[in-house]
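Trainee: Residue numbers (our numbering), protein chains in the order written: chain A, 1 to 470; chain B, 471 to 722.
Simulated from the structure, these hints should not be mistaken for lab results. One or more of the hints may lead you astray.
[Claimed, not checked] Covered stretches of chain A, going by a simulated chain B footprint (3 or more residues, C-beta under 8 Å):
#: 1; stretch: 217-228
#: 2; stretch: 290-296
#: 3; stretch: 323-333
[What the hints assert, rightly or not] Sample of chain A residues facing chain B (criterion: CB under 10 Å; computed from the structure):
#: 4; residue: E281
#: 5; residue: I284
#: 6; residue: A285
#: 7; residue: S287
#: 8; residue: M299
#: 9; residue: R302
#: 10; residue: E311
#: 11; residue: V348
#: 12; residue: N352
#: 13; residue: R353
#: 14; residue: K369
All C-beta atoms in this analysis are idealised placements derived from N, C-alpha and C, irrespective of residue type, glycine included.
Listed below, chain by chain, are the residues.
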Amino acid sequence: MLARARLMFRSTAVRLSALYILLFALCAAFLVIYVTAMSERLLAQQTRQSLQEEVQEIQRAYERGGVSLLLRMMERRARQPGANLYVIAGPNGEMLAGNVAAVQPGVLDEQGWTDIPFTYEPYTEVDRRGRHLATANVIRLDNGLRLLVGRDLGDPSRFRGIVRRALMVALAIMGVGALVIWFGIGRNALKRIDRMSAASQKIMAGDLSQRLPVGKSGDEFDRLSDSLNAMLGRIEKLNEGLRQVSDNIAHDLKTPLTRLRNKAADALGEDRADVRRAALEGIIAESDQLIRTFNALLMISRVEAGSIAAEMSDVDLSAISADSAELYEPAAEEAGLSLTTELEPGLVVTGNRELIGQAIFNLLDNAIKYASEGSQTPKIGVKLARSDGTLRLSVCDNGPGIPANKRGEVTKRFFRLDESRSKPGTGLGLSLVEAVMELHGGSLEFSATDETNAAAPGLTVTMVFPVPKP
Amino acid sequence: METDTRYSAGTADSRSAKTGADAIVPHMKILVIEDDLEAAAYMTKAFREAGIVVDHASDGESGLFMGTENSYDVMVIDRMLPRRDGLSVISELRKRGVNAPVLILSALGQVDDRVTGLRAGGDDYLPKPYAFSELLARVEVLGRRKGTPEQDMVYRVGDLELDRLSHEVKRAGKEVLLQPREFRLLEYLMKNAGQVVTRTMLLENVWDYHFDPQTNVIDVHVSRLRSKIEKDFEKPLLKTIRGAGYMIKDEG
Numbered sequence: 001m002l003a004r005a006r007l008m009f010r011s012t013a014v015r016l017s018a019l020y021i022l023l024f025a026l027c028a029a030f031l032v033i034y035v036t037a038m039s040e041r042l043l044a045q046q047t048r049q050s051l052q053e054e055v056q057e058i059q060r061a062y063e064r065g066g067v068s069l070l071l072r073m074m075e076r077r078a079r080q081p082g083a084n085l086y087v088i089a090g091p092n093g094e095m096l097a098g099n100v101a102a103v104q105p106g107v108l109d110e111q112g113w114t115d116i117p118f119t120y121e122p123y124t125e126v127d128r129r130g131r132h133l134a135t136a137n138v139i140r141l142d143n144g145l146r147l148l149v150g151r152d153l154g155d156p157s158r159f160r161g162i163v164r165r166a167l168m169v170a171l172a173i174m175g176v177g178a179l180v181i182w183f184g185i186g187r188n189a190l191k192r193i194d195r196m197s198a199a200s201q202k203i204m205a206g207d208l209s210q211r212l213p214v215g216k217s218g219d220e221f222d223r224l225s226d227s228l229n230a231m232l233g234r235i236e237k238l239n240e241g242l243r244q245v246s247d248n249i250a251h252d253l254k255t256p257l258t259r260l261r262n263k264a265a266d267a268l269g270e271d272r273a274d275v276r277r278a279a280l281e282g283i284i285a286e287s288d289q290l291i292r293t294f295n296a297l298l299m300i301s302r303v304e305a306g307s308i309a310a311e312m313s314d315v316d317l318s319a320i321s322a323d324s325a326e327l328y329e330p331a332a333e334e335a336g337l338s339l340t341t342e343l344e345p346g347l348v349v350t351g352n353r354e355l356i357g358q359a360i361f362n363l364l365d366n367a368i369k370y371a372s373e374g375s376q377t378p379k380i381g382v383k384l385a386r387s388d389g390t391l392r393l394s395v396c397d398n399g400p401g402i403p404a405n406k407r408g409e410v411t412k413r414f415f416r417l418d419e420s421r422s423k424p425g426t427g428l429g430l431s432l433v434e435a436v437m438e439l440h441g442g443s444l445e446f447s448a449t450d451e452t453n454a455a456a457p458g459l460t461v462t463m464v465f466p467v468p469k470p
Numbered sequence: 471m472e473t474d475t476r477y478s479a480g481t482a483d484s485r486s487a488k489t490g491a492d493a494i495v496p497h498m499k500i501l502v503i504e505d506d507l508e509a510a511a512y513m514t515k516a517f518r519e520a521g522i523v524v525d526h527a528s529d530g531e532s533g534l535f536m537g538t539e540n541s542y543d544v545m546v547i548d549r550m551l552p553r554r555d556g557l558s559v560i561s562e563l564r565k566r567g568v569n570a571p572v573l574i575l576s577a578l579g580q581v582d583d584r585v586t587g588l589r590a591g592g593d594d595y596l597p598k599p600y601a602f603s604e605l606l607a608r609v610e611v612l613g614r615r616k617g618t619p620e621q622d623m624v625y626r627v628g629d630l631e632l633d634r635l636s637h638e639v640k641r642a643g644k645e646v647l648l649q650p651r652e653f654r655l656l657e658y659l660m661k662n663a664g665q666v667v668t669r670t671m672l673l674e675n676v677w678d679y680h681f682d683p684q685t686n687v688i689d690v691h692v693s694r695l696r697s698k699i700e701k702d703f704e705k706p707l708l709k710t711i712r713g714a715g716y717m718i719k720d721e722g
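Chain A on its own, in the form it takes in the complex (with noise of 0.2 Å):
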């Protein structure tokens, strides 16, 4: 229960409760001194009125009777249970008349009302030295006496007692109000996230089908699972990925190994040394392409996680893909194939020019790779457009094609269509076209050049962007 309490004392729900209450307090402080100083002001206020009204009256009898009047008239008045103040003093201050004993010096020295309360001694309470507060008006007769009328303000401390309980009343009732709501939200919450908490232990665990549960209010928790949930999946997809591509190394890296192993033993046994030397040779060439391999895995992740590496700028499109088109051109013919482009010019994207010429590389290599495969007259073309607010760059050729079913796996890592590995290749082209692709916020299409012919449809990869916003 303690630990509970504790744990619970740690919750942000609490704490932010906490907060509130210490600011409702403070609120709540300030207003009770606000109210208790208006109504202290008010009842000044009624004070100095009705003992304006009583000096005026004063004032009358002495103007009527002089001062025996005044005396009779005080005299009366002081008689009267819950009486004002009353004293009449000599020009110099000294006391003649009145029911009290004495009073703060310098009072009576000042005409008009007294700023501050001061304190006096009624004769009733002269041997306890009781001190009292009182609010008076001094006023100054022709004849030089001193009038002081005054009413007492009552115990000073009683005031202010009946203002700390008030406060105290409030202040307790908003902290038990506090607590309950408290318990309350902090309960819900710490629940909610330790189911939370649970679900991702086991996600910890290796479960990464797991998912955190989504109530069904849209509140904040359910927004923060939601996401987290989008979050997991997302890293389910990658782990998947990461774990078929591991595989796939371990499985295409062998073979090429393996040969590079045979090969060294065979150099190792080998007394000749023109056929040593060959087999040397034959070592570094596999080597060789193991690196080349090697590199394509590299670039291929560095341009996944290269969403923020990869540095984008303005490109032309045409002329990268004039530029390959020219690069390619020698290649093709040596391959005995005509290279066509249809370009339209100036056509602009927001994009990394190296990455996008790579890619496009690829898939003349591909195109090269696989027309003279279908045809007589084997063919490939680049083609670049502009089409429904897109970019379209295609890389066409008119060999055997891949079939419809499996277009969607050729992009994935060493995927081959050739069983037999027969041609030369990473198997990994265009996964990094489709990686390309996507750092570029585009797509990968792939579509039979000539649906019409069965025996050579051939291959159509169409690289789509997206045109960038003015």
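Assemble chain B onto chain A, guided by the hints.
Mentor: Here is chain B on its own, set in the frame of chain A:
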């Protein structure tokens, strides 16, 4: 096609030592800053067999010290180094007025490694893993760079002549007609006459794309160029260096 044994193996083959003696760049002295001792030992041995004097530092601080204290023709600097990062070594060297060309080796997994490396003051960049022949070719070209005046208007190799201003190419006084790209290809080869240039270097400098061409695209361009400049002549100038690249050279 002759082959140059220094490159064909790209290894510490003892036979390469004798060709190292008539190395194209005599007594080039380089500094290798590399913390992987095995890779460094291999590199040092292979560079020495190619006739290059090698100093080695295994961390950033001592590399910086050696690079500042001694004078080198080329420095090969790994990006990830203990005690001081490779890029910081380069910028500090540059700050101290060391102008020797720097080649950056990197295994970092970022697309724009090359760009950041060159911005820090590097002159060339080679991602790991690489073939040693590629590294050697680049180091030799970098080491020779200061000896090749950029302002030379005419390049000559044997009886082959290339005028950079008028874009005219003549062999034995007879004009050879080249496509613009073929001209740039020949220009780059002749600028580095007597040095091996790799396919990757050609793709970088002639087409301005920085990666390893996987197929024979570059070879076909080179063989077209070769047929144009050598068709009617007996003496070959443009040689294929097996396992490495190409070299234009007048054997005399």
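Trainee: Can we keep the A285(A) interface hint, with Cβ of chain B closer than 10 Å?
Mentor: At about 8 Å, which falls below the 10 Å cut-off, the nearest Cβ of chain B leaves the hint on A285(A) intact, so it holds.
Trainee: For the stretch 290-296 of chain A, count the residues whose Cβ lies under 8 Å from any Cβ of chain B; is that count three or more?
Mentor: holds (count 5)
Trainee: Any CB of chain B closer than 10 Å to the CB of K369(A)?
Mentor: Result: holds, 8 Å to nearest chain B Cβ.
Trainee: Does V348(A) pass the interface check with chain B, least Cβ-Cβ distance below 10 Å?
Mentor: Check failed: Cβ of V348(A) comes no nearer than 18 Å to chain B, outside 10 Å.
Trainee: A closest beta-carbon separation below 10 Å is what the hint needs, so does R353(A) meet it against chain B?
Mentor: holds (8 Å)
Trainee: Closer than 10 Å between Cβ atoms is the bar; does S287(A) clear it against chain B? Give me holds or violated.
Mentor: holds (8 Å)
Trainee: For the restraint on M299(A), tell me whether the closest CB of chain B is nearer than 10 Å.
Mentor: At about 7 Å, which falls below the 10 Å cut-off, the nearest Cβ of chain B leaves the hint on M299(A) intact, so it holds.
Trainee: At a threshold of 10 Å, is the proposed contact between R302(A) and chain B supported by beta-carbon distances?
Mentor: holds (5 Å)
Trainee: Would you settle whether the hint for E281(A) is holds or violated, based on the nearest Cβ-Cβ distance to chain B being less than 10 Å?
Mentor: holds (7 Å)
Trainee: Cut-off 8 Å, C-beta pairs, minimum 3 residues; does the coverage of the stretch 217-228 of chain A by chain B stand?
Mentor: violated (count 0)
Trainee: With a cut-off of 8 Å between beta carbons, are at least three residues of the stretch 323-333 of chain A near chain B?
Mentor: Per the Cβ count (7), the hint holds.
Trainee: Does the closest beta carbon of chain B sit nearer than 10 Å to the beta carbon of I284(A)?
Mentor: The hint holds - I284(A) has a Cβ within 10 Å of chain B, the shortest such distance being about 6 Å.
Hints 1, 11, counting from the list given before, are not met by this structure.
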